[in-house]
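**Student:** What follows is the residue order along each chain.
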Amino acid sequence: MDLSLSTETIGDRTIVRVGGEIDVYTAPKLREQLVELVNDGSFHLVVDMEGVDFLDSTGLGVLVGGLKRVRAHEGSLRLVCNQERILKIFRITGLTKVFPIHTSVEEAVEATD
Amino acid sequence: MATVELRFSALPEHVRTARLVAAAVARRAGVDEAVLDELRLAVGEACTRAVGLHQTVGISSPVKVLLIEEEKQFSIEVGDEAPRAAPGGRGSGSAGDVTEVEAEEDEMGLAVISGLVDDVEVTAGEHGGLIRMTWPTTPPAAVLP
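Those protein sequence lines, which keep their order, are chains Z and D. Residues 1 to 113 in full-length UniProt numbering are what the first sequence lists, from first letter to last. Residues 1 to 145 in full-length UniProt numbering are what the second sequence lists, from first letter to last.
Just so you know, these hints were derived from the structure itself, not from any lab. It is possible that some hints are incorrect.
Now the in silico label distances, taken between C-beta atoms and shown as ranges [stated by the list, open to error]:
| no. | chain 1 | residue 1 | chain 2 | residue 2 | range |
| --- | --- | --- | --- | --- | --- |
| 1 | Z | Ile10 | D | Asp37 | 29 to 37 angstroms |
| 2 | Z | Gly20 | D | Leu110 | 20 to 28 angstroms |
| 3 | Z | Leu87 | D | Glu71 | 31 to 39 angstroms |
| 4 | Z | Asp53 | D | Glu126 | 33 to 41 angstroms |
| 5 | D | Thr3 | Z | Glu74 | 52 to 60 angstroms |
| 6 | D | Gly125 | Z | Ile10 | 49 to 57 angstroms |
| 7 | Z | Ile10 | D | Gly58 | 40 to 48 angstroms |
| 8 | Z | Gly20 | D | Asp32 | 24 to 32 angstroms |
Yeah, the Cβ is synthetic: ideal placement off N, Cα and C, and Gly gets one too.
With the rest of the complex left out, here is chain Z:
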């Protein structure tokens, strides 16, 4: 399955809904999307990963890159994920300490530091 991407704005947050597989082939599309959003002035991102079937370290690298970009503008990057197999990858790499991970888009939108 290929990667699907869509965006939506709720208040000052931009929701990026991701579906399909994020791997070495598709991750550049996600990177482009995040870079474009930041370049257009969206610095508070919520990446909804509920539709993601597969995530590898290339995808993690893109998310870390996105976080670095929004932080340069004092922004935030929050994740929405309830899938154990995806969460496991964040745990193995210690990235659960780096990304705020929420159970719903609503929770992520309302969250503040």
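Once you have looked at the hints, place chain D on chain Z.
**Tutor:** Same frame as chain Z, but now just chain D:
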């Protein structure tokens, strides 16, 4: 001889194929369903790393994946042909930060593999590198008449 041998051009679009083939052969060999997701991820990481190494060094030869069914275990070997003579010799002509990001992703790939797979060996030399990962198998249940 390996149960299944796969060679593919070092292109990102073929990594998914390698993941799917590896998971299918592993399932048939009796690897526990519960670890198939991890196996799929681990073999994808190893192939991604090999593709990256071939592309960085400019090697046109294919990445090789061996799927080996043995007694009570199933092994996957992912081999690349990128020589490891001089550490830090990755890339040329690209922006420094890009190379740095690639190196970070490479490290993260290995971190994921070692986090997922208990039995893993990573070797590398002047003729390339090899990641060998092994999982236990359970014999298939007897087929009822």
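**Student:** None of the hints should be skipped; say for each whether it holds.
**Tutor:** Hints and how they fare:
no. : hint                                   : verdict
1   : Z:Ile10 x D:Asp37: 29 to 37 angstroms  : holds (32 angstroms)
2   : Z:Gly20 x D:Leu110: 20 to 28 angstroms : holds (25 angstroms)
3   : Z:Leu87 x D:Glu71: 31 to 39 angstroms  : holds (35 angstroms)
4   : Z:Asp53 x D:Glu126: 33 to 41 angstroms : holds (39 angstroms)
5   : D:Thr3 x Z:Glu74: 52 to 60 angstroms   : holds (54 angstroms)
6   : D:Gly125 x Z:Ile10: 49 to 57 angstroms : holds (53 angstroms)
7   : Z:Ile10 x D:Gly58: 40 to 48 angstroms  : holds (46 angstroms)
8   : Z:Gly20 x D:Asp32: 24 to 32 angstroms  : holds (26 angstroms)
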